[in-house]
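Student: If you want the building blocks of each chain, they are given just below.
There are 2 protein chains.
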Amino acid sequence: MYEIEIKSRVGDLRDLENRIRDLGGEFKNEIFQEDFYFQHPCRDFRKTDEALRIRKERDEVFITYKGPRIDRETKTRAEIEIKTDEKIIDMLKGLGFTLAGTVKKTRKNYILNGLGISLDSVENLGYFVEIETSGDLESGKAKILNLAGILGLKDLERRSYFEMIGEIKNEHK
Amino acid sequence: MYEIEIKSRVGDLRDLENRIRDLGGEFKNEIFQEDFYFQHPCRDFRKTDEALRIRKERDEVFITYKGPRIDRETKTRAEIEIKTDEKIIDMLKGLGFTLAGTVKKTRKNYILNGLGISLDSVENLGYFVEIETSGDLESGKAKILNLAGILGLKDLERRSYFEMIGEIKNEHK
Numbered sequence: 453m454y455e456i457e458i459k460s461r462v463g464d465l466r467d468l469e470n471r472i473r474d475l476g477g478e479f480k481n482e483i484f485q486e487d488f489y490f491q492h493p494c495r496d497f498r499k500t501d502e503a504l505r506i507r508k509e510r511d512e513v514f515i516t517y518k519g520p521r522i523d524r525e526t527k528t529r530a531e532i533e534i535k536t537d538e539k540i541i542d543m544l545k546g547l548g549f550t551l552a553g554t555v556k557k558t559r560k561n562y563i564l565n566g567l568g569i570s571l572d573s574v575e576n577l578g579y580f581v582e583i584e585t586s587g588d589l590e591s592g593k594a595k596i597l598n599l600a601g602i603l604g605l606k607d608l609e610r611r612s613y614f615e616m617i618g619e620i621k622n623e624h625k
Numbered sequence: 453m454y455e456i457e458i459k460s461r462v463g464d465l466r467d468l469e470n471r472i473r474d475l476g477g478e479f480k481n482e483i484f485q486e487d488f489y490f491q492h493p494c495r496d497f498r499k500t501d502e503a504l505r506i507r508k509e510r511d512e513v514f515i516t517y518k519g520p521r522i523d524r525e526t527k528t529r530a531e532i533e534i535k536t537d538e539k540i541i542d543m544l545k546g547l548g549f550t551l552a553g554t555v556k557k558t559r560k561n562y563i564l565n566g567l568g569i570s571l572d573s574v575e576n577l578g579y580f581v582e583i584e585t586s587g588d589l590e591s592g593k594a595k596i597l598n599l600a601g602i603l604g605l606k607d608l609e610r611r612s613y614f615e616m617i618g619e620i621k622n623e624h625k
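Those sequence lines, one after another, are chains A and B.
With positions in the first sequence counted from 1, the corresponding number in the working numbering is that position plus 452.
With positions in the second sequence counted from 1, the corresponding number in the working numbering is that position plus 452.
Take the hints with a grain of salt, since some may be wrong.
What the hints assert, rightly or not - Calculated from the model, a selection of chain A residues having no Cβ within reach of chain B, i.e. all distances over 10 Å:
| no. | residue |
| --- | --- |
| 1 | D474 |
| 2 | H492 |
| 3 | E509 |
| 4 | A552 |
| 5 | G566 |
| 6 | L571 |
As the list claims (entries may be wrong) - Partial pick of chain B residues on the chain A-facing surface, computed with a CB cut under 8 Å:
| no. | residue |
| --- | --- |
| 7 | L468 |
| 8 | C494 |
| 9 | R495 |
| 10 | L504 |
| 11 | G519 |
| 12 | I522 |
| 13 | T536 |
| 14 | D537 |
| 15 | K539 |
| 16 | I540 |
| 17 | D542 |
| 18 | G546 |
To be verified - Calculated lysine-lysine pairs in the BS3-like style (CA-CA distance at most 25 Å, straight line):
| no. | chain 1 | residue 1 | chain 2 | residue 2 |
| --- | --- | --- | --- | --- |
| 19 | B | K535 | A | K535 |
| 20 | B | K518 | A | K535 |
| 21 | A | K527 | A | K539 |
| 22 | B | K535 | A | K545 |
| 23 | A | K535 | B | K539 |
| 24 | B | K539 | A | K539 |
| 25 | B | K527 | B | K557 |
| 26 | A | K518 | B | K539 |
| 27 | B | K545 | A | K539 |
| 28 | B | K545 | A | K499 |
| 29 | B | K539 | A | K508 |
| 30 | A | K499 | A | K527 |
| 31 | A | K545 | B | K518 |
| 32 | B | K545 | A | K508 |
| 33 | B | K527 | A | K545 |
| 34 | B | K508 | A | K535 |
| 35 | A | K545 | B | K539 |
| 36 | B | K545 | A | K535 |
| 37 | A | K545 | B | K557 |
| 38 | B | K557 | A | K508 |
| 39 | B | K527 | A | K518 |
To be clear, the hints were calculated from the coordinates, so they are not data collected in a lab.
A virtual CB, placed ideally from N, CA and C, is assigned to each residue, including glycine.
Work out the full structure: start from the sequences and follow the hints.
Tutor: And the structure:
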């Protein structure tokens with residue numbers, strides 16, 4: 453199963469949100485997400501383009517493994533997500549995984565024409581919109597890029613928030 | 453939290469089960485457990501004395517990380533167990549963990565004086581009894597060894613079933 457997803461930086465979320473509502477977008481929820489990215493004990497995830505993330509949102513904890521990105525425009529990649537328990541962090545540390553960084557954001561979720569839209573306010577990074585779906589790559593990608601055009605999104609961003617935050621840190625070293 | 457645990461091979465489970473009932477042991481359940489042991493991508497668990505196990509029992513899946521054994525007589529070690537989902541196996545494989553072996557057994561669980569007793573019939577290995585508790589090492593160990601004496605258990609076995617099956621395989625190579 454592929455997660456087909458694009459991301460774009462925007463200057464302001466309010467205008468975009470109004471446009472999504474005007475197009476019939478249905479508000480789902482607003483959540484605060486705290487993500488913990490782990491480094492593999494013997495594999496450099498920056499080179500292999502993988503990621504292992506623990507997400508805390510509300511009282512829930514999820515672990516997500518992301519395989520390498522397989523498409524030039526989108527962030528599409530194989531993804532396995534499992535609901536888990538906070539104890540997973542101690543287990544990962546026992547296995548030699550190390551905490552590489554955290555990303556905190558407030559996310560508003562909308563549904564429009566079967567696509568998931570997230571309006572993200574990311575701590576220390578700014579405002580972004582993500583559009584995603586899952587399933588067949590080509591048809592999913594076409595639907596997503598069509599909506600991106602309607603919303604006037606340009607400058608697609610393939611880096612994850614975690615990578616972007618890491619690059620800011622390196623620039624300030 | 454330590455899991456304090458002993459294991460002993462027995463010739464027959466029926467006599468032992470009657471003795472446990474006579475002593476006031478309370479029958480809990482009988483379950484079939486299928487355990488999958490994984491090898492770490494860059495650490496030799498046989499040398500570090502750790503283990504990573506996926507257990508399927510009934511419709512449930514658990515992942516358990518076991519740290520090195522810390523006691524000469526018992527199998528006591530730090531243990532983290534989390535209820536999870538079958539998808540965890542694909543996630544582990546994605547992260548470079550490889551399946552090292554499986555253990556299948558039928559287990560009857562009893563409770564006696566606050567101690568857990570398992571009567572195990574292990575495929576290709578034979579019959580065993582395990583007695584376990586958690587918490588303070590010294591007092592837990594004393595209670596367990598006392599009950600082992602009452603039940604006439606000798607020849608404590610510190611190896612896991614997985615290790616024992618691996619050694620049989622090596623002998624037949």
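Student: Run the structure past the numbered hints and jot down the numbers of the failing ones, going up.
Tutor: 2, 7, 12, 21, 37, 38, 39
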